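A.B. asks: Residue numbers (numbering that gives the first Met the number 0), protein chains in the order written: chain A, 0 to 248; chain D, 0 to 248; chain H, 0 to 303; chain V, 0 to 303.
Because the hints were derived from the structure by calculation, they are not lab data.
From a predicted model like this one, the values you see are computed outputs, not experimental measurements.
Just so you know, even glycine gets a beta-carbon here, dropped at the ideal spot from N, CA and C.
No incorrect hints appear here.
Computed, partial: chain H to chain V, Cβ under 10 Å:
1. Ala113
2. Pro122
3. Arg137
4. Arg139
5. Pro140
6. Phe145
7. Asn211
8. Gly237
9. Ser291
10. Asn300
11. Ala302
Counterexamples of contact, computed for chain H against chain D with all Cβ distances above 10 Å:
12. Arg95
13. Asp143
14. Gly146
15. Ser221
16. Gly228
17. Phe246
18. Tyr276
19. Ala283
20. Arg289
21. Glu292
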Amino acid sequence: MTSRYTRRELMVVAAAREIRDHEVVFVGMRLPLLGFGLAKATHAPHAIGLFENGVIRDRPAEAFIYTMGDPPNIVGAVACLGLVDVMSLLQQGRVDVGFIGGAEVDPLGNLNTTRTSSSGALTRLPGSGGAGDIASLAGRTVLIMEHEPRRFRERVDYVTSPGHFPGRRRGGPATLITTLGVFDLSTGRVRAASLHPGVTPQQVREATGFAITIEDRTPATAIPTADELAYIRHADPDGFWTGDSMKTG
Amino acid sequence: MTSRYTRRELMVVAAAREIRDHEVVFVGMRLPLLGFGLAKATHAPHAIGLFENGVIRDRPAEAFIYTMGDPPNIVGAVACLGLVDVMSLLQQGRVDVGFIGGAEVDPLGNLNTTRTSSSGALTRLPGSGGAGDIASLAGRTVLIMEHEPRRFRERVDYVTSPGHFPGRRRGGPATLITTLGVFDLSTGRVRAASLHPGVTPQQVREATGFAITIEDRTPATAIPTADELAYIRHADPDGFWTGDSMKTG
Amino acid sequence: MKLKRSLREAIAEQVHDGDAIALGLALESGIPFAAVHEIIRQQRRDLTLIGPISDMAFDQMIAAGTVAKVIAAWVGNVAGGSGYGFRRAYEQGQPRRIVMEDHSNFTVGLALKAAAMGLPYLPTFTGIGGDIVRGHPRIRPIGDPFGGPDLLAVGALRPDVAIIHVQRADAQGNAHLWGNLGLTVEAAYAARQTIVICEEVVPEAVIRSDPNRTVIPGFLVSAVVEEPGGALPSSVQGYWRRDFEPFLAYHRMSRTPEGVQSWLREWVLDLPDRAAYLQHMGEANLARLRVSERRPAAEANFAP
Amino acid sequence: MKLKRSLREAIAEQVHDGDAIALGLALESGIPFAAVHEIIRQQRRDLTLIGPISDMAFDQMIAAGTVAKVIAAWVGNVAGGSGYGFRRAYEQGQPRRIVMEDHSNFTVGLALKAAAMGLPYLPTFTGIGGDIVRGHPRIRPIGDPFGGPDLLAVGALRPDVAIIHVQRADAQGNAHLWGNLGLTVEAAYAARQTIVICEEVVPEAVIRSDPNRTVIPGFLVSAVVEEPGGALPSSVQGYWRRDFEPFLAYHRMSRTPEGVQSWLREWVLDLPDRAAYLQHMGEANLARLRVSERRPAAEANFAP
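Starting from the given sequences, assemble the full structure and let the hints guide the process.
C.D. replies: If you want it as structure tokens, here you go:
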């Protein structure tokens, strides 16, 4: 028996599965934060979460947080350091996996969150924040994106968060989780690892502005279990991050 | 009316006079620490003291301390940072004056606290500690030494704490306070600024292994006032740092 | 040396046209909005703003026309996304054109830290392979003298003024801050002057009871301002919750130039000072946001 | 992952012949003498010792023949001056020759900090014009890519193990330290493994009540050892005063090779562990040194 779930809930579950036990995770906000909490509550009880403002937690905040700087994210933290301290740990190679998102992605996993002219006119986006650092320095990165044609481009206008490139010292994009599926980026080409239930290869191709490998036997993304959904709804009771209009399942 | 005082008490008074009001002082232990406290109690009430272990104080510890790491040196500190933090402030140029000592000194104000063969055999000394950093980076340095021929050498065997050298970016030795007098080093030559009461130019020359300028009108070092002595004896009641066998004055 | 100032005095004396100002250093908490608004009221011009992510503080200053340049990793509205004031200035030059020096959080942190350490630059591996560091005015490729792979040098960034909101400070400027730190310490060390705004000016003995909590020693501080609630609507650990709604309201209002001007009039220009701002918020809102619970830190004994 | 170990287990498992060990990082306080003595008892060989100034800890390890190399700014006895064990090894190769890598406090700090930051080196201006940096194996001249004066690059120093004494930690290794910090944080970040020795293992809630006091996050820690009094005769803020006399006694005894061997037998080799050391000190001494007064830090409220 499965409950109804939203696409974003499915994405949280997919994010959680990217975290292995005992890993050090650069967490970020929104879906990755919920994914971290879910992983802790299920298969990765010893995972550690770092936030770019300097907070280190081994469990999510007890109260809902809107930003990583919200006071409940300090309460119960194991440490509250400075930004340069956690970035130093990242640069040292102490972080196994980091989650990042962007406005645009290309087949090498480059993300753009700085500026784009894709709509014809120049659009200024907010910028990197810590994403460029996580992309550069984490052991591997997991990308989370809205799957839309204008966002999936053959080449992004500006590489805010570097993907695969020749001479990369460490890490690089491993997985891309979208509103349509989960994609393997570890080889520097985009290959569908799973499509979300009900999503067809044709839908994915139409929503992707570059070539993508979708094998015939590509499985469906495993749907959330009742326990997983219960966790997510406990952590995000109003569906602030995980609500969406498309109920599926 | 003057009280009897020791040579070291006189040196503390001379050290205190090197500190101007509102200055930031890299303090060290022993006589400079007493000098800092004396300056604070007299003409430099707004001076700030930095210790290389990370402690920042705006008044000396209430209890006697044997090392800068002693718990009473933390109590009442305005800040207790890390070593790299205070050294960074030093490197930035935020420190006006630092006090250092050494086993050997030369006319350029180079200090050796690392190793010497002056006695014929190799003698290993403890090393720099923070002295080399203070010598390199403070706005000016004040040197404090026992005035003995084997310590005052034409050229030191090893430059632990650099004195004047061509291309120096900042600072350098300003004053040398010894058991015999106070010497101006600011020009890179050694010139007597004052001789301690009862000390003759001949005595100084015999105790100095290099040429030294002692003008005829060189004054006597100003002797401690009763208030100054009272402060020193309150701060060092057992004469741990300031006691010596030669009572003078 | 008397450091205590009203906020108006501190901004009037220490923030000048053309200055480079670091603020919003703890990221989403402790943003010195009272100072931001006072700078707008005093009509400073041609400022350079420095910070990691700025939340809506930078956007407001840009929309008010005070800003010539931004040095930051992220400029927008954390709750809402885009910063419309920033976008209008960058995309259309409204109300004036601004120059953007893009960074990642780490590179802006390293730029401040280089200055804090008295160095011309700090090396890093971050950003290699991306466009932020390509042709960057403050970032250059360098080799490793020990034979390892090439790095980048991030040049030192020395703000004229850092503006910092903390829980408490003494009259000498020795400041206790807890909760988020972000780049607060780096900026205070790096800046030529540091304005400390605090919830409470406390007796010296409070600060000295815990010197490890003093993240900024007073001798680096140029002014101490007691301005409780001066960071609202951002949070201050143990003092104020984050007020979420004003971020969304500003986001909505700032969609149009007229909207943002109307917002600036209501919340900044038509108010004389922070006290008036808090009054305009209303006591019910203040009561909702004020932290009255206690979760004290476990005792640390400093007895010698 | 269970981190709790007895000191004997921690040293047996994590300190190996030939390792580079950082300790004494807070300078004169919190020197992990219990660990120093356990390493001597377990007869480790060919160690490299790393620290700013070592007080008599390094001297004891050198005199016991465990050390091949020292990387430090100062090696001696802060109370007495010379370290005779160090001098005999360096000057006469007794009981064995040691290699000295001389530093200033800042350069050894920068070497650790470079490793802590994941960098091959950090630049500095310290030491220029002096002999420490001349021909130094870890320090090289470099230019400034921004055209300023030349600097020095201090190469990264990554200890195999850092041994740190703190007031309290939880079972996951999250460690609260207050009072002197010195290079403790840099070393814990830099080291491949970090052994945290604490006065008390406390419940998680104590540590989490004050995350800003956690100078070492537990995920960097490889072992947690509860060893109250483990830093004696050095001090631990709020727990133990410095015992001055043993430093002078060791200084006197260590003047001769026979004296130091006799000292090592009495205080290290003939004792099984730290409990026996404390017993040998005697309850009157412990009572004199134990801090019973309270000077608590002013409350910091972490309520959200």
